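Chemist: Those protein sequences? They're chains A and B, same order as listed. Numbering of the first sequence is given in this note's numbering, commencing with residue 1 and proceeding in unit increments. Numbering of the second sequence is given in this note's numbering, commencing with residue 1001 and proceeding in unit increments.
To be clear, the hints were calculated from the coordinates, so they are not data collected in a lab. Careful, some of the hints might be misleading.
What the hints assert, rightly or not - Under the rule of at most 30 Å between Cα atoms (straight-line distance), these lysine-lysine pairs were calculated in the DSBU-like manner:
id, chain 1, residue 1, chain 2, residue 2
1, A, K205, B, K1064
2, B, K1203, A, K205
3, B, K1064, A, K64
4, A, K64, B, K1205
5, B, K1205, A, K205
6, A, K82, B, K1205
Unchecked claim - Distance ranges between label pairs, derived from CB positions:
id, chain 1, residue 1, chain 2, residue 2, range
7, A, N41, B, P1145, 35 to 43 Å
8, A, N41, B, P1169, 18 to 26 Å
9, A, A132, B, G1042, 35 to 43 Å
10, B, K1082, A, P171, 24 to 32 Å
11, B, N1041, A, Q56, 37 to 45 Å
12, A, Q44, B, P1145, 46 to 54 Å
Predicted, not measured: the structure shown is a model, and the values here were computed from it. Glycine included, C-beta positions come from ideal geometry on N, C-alpha and C.
Number of protein chains: 2
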Amino acid sequence: MVALNLVNRPNKRRQAPDQVSELTTNRLSIYLRCLHELDANGVQTISSQALAEQFQLNAAQIRKDLAYFGEFGVRGVGYYVKELRRHLRQILGLDRKLRVAIVGAGNLGLALADYPGFRQEGFEIAALFDAAREKIGQHSRGGVPIHDIKELKRIARRERLDISVIAVPAPHAQLVVDQVVAAGIKGILNFSPGALHVPEDVKLKSVDLTVSLESLSFYLAQGEIDG
Amino acid sequence: MVALNLVNRPNKRRQAPDQVSELTTNRLSIYLRCLHELDANGVQTISSQALAEQFQLNAAQIRKDLAYFGEFGVRGVGYYVKELRRHLRQILGLDRKLRVAIVGAGNLGLALADYPGFRQEGFEIAALFDAAREKIGQHSRGGVPIHDIKELKRIARRERLDISVIAVPAPHAQLVVDQVVAAGIKGILNFSPGALHVPEDVKLKSVDLTVSLESLSFYLAQGEIDG
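In isolation and in its complexed conformation, chain A is listed as follows:
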């Protein structure tokens, strides 16, 4: 497999990261999840067509997305499942442990701290932070310690935190984001509604759970009209 590694190695520089849309990276994540499932089922190679059919994806889109990063397919064979999975993990930066802190130890923060998908992909939930005295010193069900938000800077350095998840009520979100930025954390995943501001060297991604519910509402409304 050495030759294959040389031929198929990902080319991270082929495209500047700003030109790769979040929709593309989201799809890479989904492909990775599919490859996990194929590998668990003992599948060794798969064509883009078969991959698309099995997981209700678009074969042309798969080929186009992967072509951004290198030549992974082998003519007449398709993709080697384990190989492609390794490459996708590398492209997504998952070939190293990323250390995550969650700010806000309410229901959402505690749910995220123990969310199985995070651990599975190599994220390490290292710490929870909260301001409520009665929570500090406690742990999530999965054993993540809850620290005082005042300790954020010190613990971010000690624990080498890469990413902070924001799970606090909207009125506190910007203040918390400012503290996270001041602590030197460069990646933020935000669950609070409303616009937040970060410096240019910090990557902020917001998850709005309402959008998902509204998309469902759209399809239900259409069904009633047309059906």
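For this one, chain A is given, so just place chain B on it according to the hints.
Modeler: Coordinates of chain B only, in the frame set by chain A:
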């Protein structure tokens, strides 16, 4: 404004719902959120260009997305904020109350039951369900009652539930989905990892929180390589 209403009314039949991608409906939700903010700030009209600039969107994309559903822009004026908001709410099926049940009263289910964004857009979180005896009869912090999952069918009918949110551990998810389908609920928002199966007349949307974290990981990895 009567004339405007006649000219600009949404045309839900212009495109079959299956041809409108989830990415489009997701963007409509985001536009709606922007219009709320503009309206709250007293803005009465806005061009697609200004809307795009203010919220870091794409003006051509906005025009294209809206054109699927009708003629909302007025030459030389742009969009009337309140009008467009009303139309978007109608297109997304938010002009009626949608009644939501959450199955799973763990941290995630409880967090979702009290998630402020859901209520804001007119979703009514009517019930939580769980199988754990000690949770049944309790309430979320926001006052949503927790029922026995065995009561799902009866309560779904009584409460006229439209949507069910699945917030149970992955090994139980398919069983719960089957119960939701048997209770006659046609819209499912799933937070459990793994593939789930539903009949054709049920719309299932899955939210994978890991995808968001991985997208962030991608940008952090690229930053380290290029920077």
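Chemist: Confirm or reject each hint.
Modeler: Verification of the supplied hints:
Restraint check for K205 of chain A and K1064 of chain B: satisfied, since their Cα atoms lie roughly 25 Å apart, inside the 30 Å limit. A C-alpha spacing of about 27 Å is found between K1203 of chain B and K205 of chain A, which places the hinted pair at or below 30 Å, so the restraint holds. About 23 Å separates the Cα atoms of K1064 of chain B and K64 of chain A, which keeps this hinted pair within 30 Å; it holds. Among the hinted pairs, K64 of chain A with K1205 of chain B is consistent with the structure: their alpha-carbon atoms are about 25 Å apart, no more than 30 Å.
For the suggested pair K1205 of chain B and K205 of chain A, the alpha carbons sit about 20 Å apart, so the restraint of at most 30 Å is met. Restraint check: the Cα-Cα separation between K82 of chain A and K1205 of chain B comes to about 28 Å, which is no more than 30 Å; the hinted pair holds. For the pair N41 of chain A and P1145 of chain B, the supplied restraint of 35 to 43 Å holds, since their beta-carbon distance comes to about 41 Å. In this structure the supplied range 18 to 26 Å holds for N41 of chain A paired with P1169 of chain B, their Cβ-Cβ distance being about 21 Å.
Checking the proposed 35 to 43 Å range against A132 of chain A and G1042 of chain B shows it holds: the Cβ atoms sit about 36 Å from each other. Restraint check, K1082 of chain B to P171 of chain A: a C-beta distance of roughly 26 Å satisfies the suggested window 24 to 32 Å. Roughly 41 Å separates the CB atoms of N1041 of chain B and Q56 of chain A, a value that falls within the hinted 37 to 45 Å. Against the hinted window of 46 to 54 Å, the Cβ-Cβ separation of Q44 of chain A and P1145 of chain B comes to about 50 Å, which satisfies the hint.
Violation of the numbered hints given earlier is absent; every hint is satisfied by the structure.
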